[in-house]
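Colleague: Read off the chains here:
Number of protein chains: 2
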Amino acid sequence: MDKKHIGIIGAGVAGLHLGLLLRQHGVDATIITERNPDEIAGMRLPNTVAHHYVTLDRERSLGVCHWPVEEYGYSHHHHYFNTPQPLAFSGGFTSMSRGVDYRVYLPRLMQDFAERGGTLEYRAIAADELPKLAARFDLIVVGTGRGPFGQMFEPVAEHSPFNRPQRALCVGLYTGLRPTDPPGVTLSVSPGHGELIDIPMLSFSGKVDALLLENVPGGDLEELARLRYDDDPKKFRMTVLAKLEKHHPSVYDRIDQARFDLQQPHDLLQGGVVPTVRRTSVDLGDGKIAIAVGDVHSVVDPVIGQGANIASYSAWVLGEEIVKSNQFDALFCERVDRKREERVLGAQRWTNFMLMPPNPEFLGLVGAMSANRALCDEFTENFNYPERQWARLATPARIKSWVAEASARA
Amino acid sequence: MDKKHIGIIGAGVAGLHLGLLLRQHGVDATIITERNPDEIAGMRLPNTVAHHYVTLDRERSLGVCHWPVEEYGYSHHHHYFNTPQPLAFSGGFTSMSRGVDYRVYLPRLMQDFAERGGTLEYRAIAADELPKLAARFDLIVVGTGRGPFGQMFEPVAEHSPFNRPQRALCVGLYTGLRPTDPPGVTLSVSPGHGELIDIPMLSFSGKVDALLLENVPGGDLEELARLRYDDDPKKFRMTVLAKLEKHHPSVYDRIDQARFDLQQPHDLLQGGVVPTVRRTSVDLGDGKIAIAVGDVHSVVDPVIGQGANIASYSAWVLGEEIVKSNQFDALFCERVDRKREERVLGAQRWTNFMLMPPNPEFLGLVGAMSANRALCDEFTENFNYPERQWARLATPARIKSWVAEASARA
Numbered sequence: 000m001d002k003k004h005i006g007i008i009g010a011g012v013a014g015l016h017l018g019l020l021l022r023q024h025g026v027d028a029t030i031i032t033e034r035n036p037d038e039i040a041g042m043r044l045p046n047t048v049a050h051h052y053v054t055l056d057r058e059r060s061l062g063v064c065h066w067p068v069e070e071y072g073y074s075h076h077h078h079y080f081n082t083p084q085p086l087a088f089s090g091g092f093t094s095m096s097r098g099v100d101y102r103v104y105l106p107r108l109m110q111d112f113a114e115r116g117g118t119l120e121y122r123a124i125a126a127d128e129l130p131k132l133a134a135r136f137d138l139i140v141v142g143t144g145r146g147p148f149g150q151m152f153e154p155v156a157e158h159s160p161f162n163r164p165q166r167a168l169c170v171g172l173y174t175g176l177r178p179t180d181p182p183g184v185t186l187s188v189s190p191g192h193g194e195l196i197d198i199p200m201l202s203f204s205g206k207v208d209a210l211l212l213e214n215v216p217g218g219d220l221e222e223l224a225r226l227r228y229d230d231d232p233k234k235f236r237m238t239v240l241a242k243l244e245k246h247h248p249s250v251y252d253r254i255d256q257a258r259f260d261l262q263q264p265h266d267l268l269q270g271g272v273v274p275t276v277r278r279t280s281v282d283l284g285d286g287k288i289a290i291a292v293g294d295v296h297s298v299v300d301p302v303i304g305q306g307a308n309i310a311s312y313s314a315w316v317l318g319e320e321i322v323k324s325n326q327f328d329a330l331f332c333e334r335v336d337r338k339r340e341e342r343v344l345g346a347q348r349w350t351n352f353m354l355m356p357p358n359p360e361f362l363g364l365v366g367a368m369s370a371n372r373a374l375c376d377e378f379t380e381n382f383n384y385p386e387r388q389w390a391r392l393a394t395p396a397r398i399k400s401w402v403a404e405a406s407a408r409a
Numbered sequence: 000m001d002k003k004h005i006g007i008i009g010a011g012v013a014g015l016h017l018g019l020l021l022r023q024h025g026v027d028a029t030i031i032t033e034r035n036p037d038e039i040a041g042m043r044l045p046n047t048v049a050h051h052y053v054t055l056d057r058e059r060s061l062g063v064c065h066w067p068v069e070e071y072g073y074s075h076h077h078h079y080f081n082t083p084q085p086l087a088f089s090g091g092f093t094s095m096s097r098g099v100d101y102r103v104y105l106p107r108l109m110q111d112f113a114e115r116g117g118t119l120e121y122r123a124i125a126a127d128e129l130p131k132l133a134a135r136f137d138l139i140v141v142g143t144g145r146g147p148f149g150q151m152f153e154p155v156a157e158h159s160p161f162n163r164p165q166r167a168l169c170v171g172l173y174t175g176l177r178p179t180d181p182p183g184v185t186l187s188v189s190p191g192h193g194e195l196i197d198i199p200m201l202s203f204s205g206k207v208d209a210l211l212l213e214n215v216p217g218g219d220l221e222e223l224a225r226l227r228y229d230d231d232p233k234k235f236r237m238t239v240l241a242k243l244e245k246h247h248p249s250v251y252d253r254i255d256q257a258r259f260d261l262q263q264p265h266d267l268l269q270g271g272v273v274p275t276v277r278r279t280s281v282d283l284g285d286g287k288i289a290i291a292v293g294d295v296h297s298v299v300d301p302v303i304g305q306g307a308n309i310a311s312y313s314a315w316v317l318g319e320e321i322v323k324s325n326q327f328d329a330l331f332c333e334r335v336d337r338k339r340e341e342r343v344l345g346a347q348r349w350t351n352f353m354l355m356p357p358n359p360e361f362l363g364l365v366g367a368m369s370a371n372r373a374l375c376d377e378f379t380e381n382f383n384y385p386e387r388q389w390a391r392l393a394t395p396a397r398i399k400s401w402v403a404e405a406s407a408r409a
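In order, the protein sequences belong to chains A and B.
Numbering that gives the first Met the number 0 puts the first sequence at residues 0 to 409.
Numbering that gives the first Met the number 0 puts the second sequence at residues 0 to 409.
Be careful, since some hints might not be right.
Short derived list, chain B residues pointing at chain A, Cβ under 7 Å [what the hints assert, rightly or not]:
| no. | residue |
| --- | --- |
| 1 | S60 |
| 2 | D328 |
| 3 | L330 |
| 4 | A393 |
| 5 | T394 |
| 6 | R408 |
Quick look at which bits of chain B chain A covers, simulated, 3 or more residues with Cβ under 8 Å [said to hold, decoys possible]:
| no. | region |
| --- | --- |
| 7 | 335-346 |
| 8 | 396-402 |
Lysine-lysine pairs mimicking DSBU-like chemistry, simulated, CA-CA at most 30 Å apart [as the list claims (entries may be wrong)]:
| no. | chain 1 | residue 1 | chain 2 | residue 2 |
| --- | --- | --- | --- | --- |
| 9 | B | K323 | B | K3 |
| 10 | A | K2 | B | K131 |
| 11 | A | K399 | B | K399 |
| 12 | A | K323 | B | K399 |
| 13 | B | K3 | A | K399 |
| 14 | A | K399 | B | K2 |
| 15 | B | K2 | B | K338 |
| 16 | B | K131 | A | K338 |
| 17 | A | K3 | B | K399 |
| 18 | B | K3 | A | K323 |
| 19 | B | K245 | A | K399 |
| 20 | B | K399 | A | K338 |
| 21 | B | K338 | A | K338 |
The hints are simulated quantities; they were obtained by calculation from the structure and are not laboratory data.
Source: prediction; values computed, not measured.
All C-beta atoms in this analysis are idealised placements derived from N, C-alpha and C, irrespective of residue type, glycine included.
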């Protein structure tokens, strides 16, 4: 082909990192998305995402790492287990992570993309324009489940063990929390009731905290996923505070109750995710193909913060292959899939593992980490490399072997 | 585990390269095989194998490249198409290939393996000793279809399009052929009737020629796969000569009829191969697993000489992972498969493509190669990298794109 032109459906992190990578290599790219930057900035909280350093390294290589980690980043994971004898311990990253509200992040990268010659089309896609769209591009990349493309990719049963959400989510951006020292994400577990992931996050008002409450269906915290803020903000706040005090006390202790509130009334997201892996390519006929990235390909529960990082990774692998290839067919997709599969599946399996009641060996690992900083550092570092984490956790024998190895080193 | 011990069933090229690699890394390895070196040396011709330089590089790294390419190797592929206007052209390798009779090759490597601390057990395996064998080793590698292990791996329908051989083979080691200049393999095609692969080969009597006649079922050459040498050696010779003269004249022209004969009466192999890809691992229970290498995993028709090279490659990938791992489970096998899959499938698909009637684009490629040495060199070089060759040949669009690219460079 004379000059490649790639059509990208969706302006999430996958679509934007891909588009920016393609522009960096002089490949024509058009992103079609429903919301313009102003609409994104004004929308309800879409998610609460932390970028691990592997993702920040991609931003650096694209020249779009606009929020320096020295100011907005964090270096640690603080673990808290709300057991009769509470366990509290921390692990460090070798390089900092960072959380930025995607209503701030995505518009800025859309601007970068446009400034670098990328084309943005703000509109919905009608089902009957698929053939016309396919004809415009050499390859269509689908980075959103919305619209007619999102429904084309079939779930892969082998990698999709659940048919309903495993956690009832209540996610909000809150003011009024004292930062941890050192700066870090808190991973608090209330056995039988769920997890709280507290992520320091940059948003419109400056530094806030994303409180991601992952509530076990049937547990004491599940009601938070249905409690309406708009009906009675004070009741909502009081209920959240009471639940935090009981189930996630290390986070509760950092709250200044006078300032504790959602940053904005619509900075709240409630619901649930059905973890699903889908087939990654669809034949559009006439020699054209659509390939999936991000959540359309593999959607995970947010409990260990892998979704956006995997979406960026997966888009990156795809982008590198697009740059190298001039044939976008089944063999191309097979190659892309083979390259990204280990990490994508690693993230999916590790996440699903964390949603299940822990096996005794994992409880042993938690105990060992509480007494072995190097082991906890490795566990923390592996948030960047989910395939390595999964290679450690996939079977009871693997976990035992990891603990034994770490003990021998200590 | 304290010290790994790997059990290898079968002493083919995969089993031996794997065993030698493991010993190089201090890993305990036992090869169980039915024939001892003397029995192998005395057996009927088992195959006619050329090692491409990627395989020779593995031998060099193991210190078992005992037959220097300067003396026994070859540098070229000589193509001949027996069309009304015959086409003859050659392509060169960047590094030499070499053919050694496996009845010479395997016994020497068995000796290397034993000298380096590997254990060889010469015996058949009874079906009822599988649990006992599994208990002896941390992992069982199956490198032979013989015996009870060989039947455990199920064919993968998606990658196994045939249910019968696509060529009727008549393979022999012959004396009486003048070498090509420069030394090379001849790939002669008689459209509609089949191929002849003439490989310079080192055997017991010195340099001989492997004539691998790949005969299309129903064509004029098919009878060679059934013609018995022992019944009437002279008639066999005369029939082969007549067929070569008619269908593969560039090889026929190099024959000294007075000396033309099989090196030994049993240096002849007739039959056929059903190209098949099989599942690569089997759960043996009690936390033990068996993993396949070589023909048990993926068996190809010998028409483009990929089988042994892929077997060695596949064993090498497995060996590197064995050295790195201490967990031999489903995730381990998945990782090995992912690493070796592109090349293994590339060899299988490319081979199967060569057995089918050529598409017009491939005929165009042949014509282009006859006029473009650089293009033919690339085609030749890719015998080392079947995944690259397949990426060039997988679709008519890919072939056209390759030819266009090569023409633009020329």
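Colleague: State for each hint whether it applies.
Modeller: Here is what the structure says about each hint:
no.	hint	verdict
1	S60	violated, 25 Å
2	D328	holds, 6 Å
3	L330	holds, 5 Å
4	A393	holds, 5 Å
5	T394	holds, 6 Å
6	R408	violated, 14 Å
7	335-346	holds (count 3)
8	396-402	holds (count 3)
9	K323(B) <-> K3(B)	holds, 11 Å
10	K2(A) <-> K131(B)	violated, 61 Å
11	K399(A) <-> K399(B)	violated, 54 Å
12	K323(A) <-> K399(B)	holds, 17 Å
13	K3(B) <-> K399(A)	holds, 17 Å
14	K399(A) <-> K2(B)	holds, 17 Å
15	K2(B) <-> K338(B)	holds, 25 Å
16	K131(B) <-> K338(A)	violated, 38 Å
17	K3(A) <-> K399(B)	holds, 17 Å
18	K3(B) <-> K323(A)	violated, 40 Å
19	K245(B) <-> K399(A)	violated, 68 Å
20	K399(B) <-> K338(A)	holds, 26 Å
21	K338(B) <-> K338(A)	holds, 9 Å
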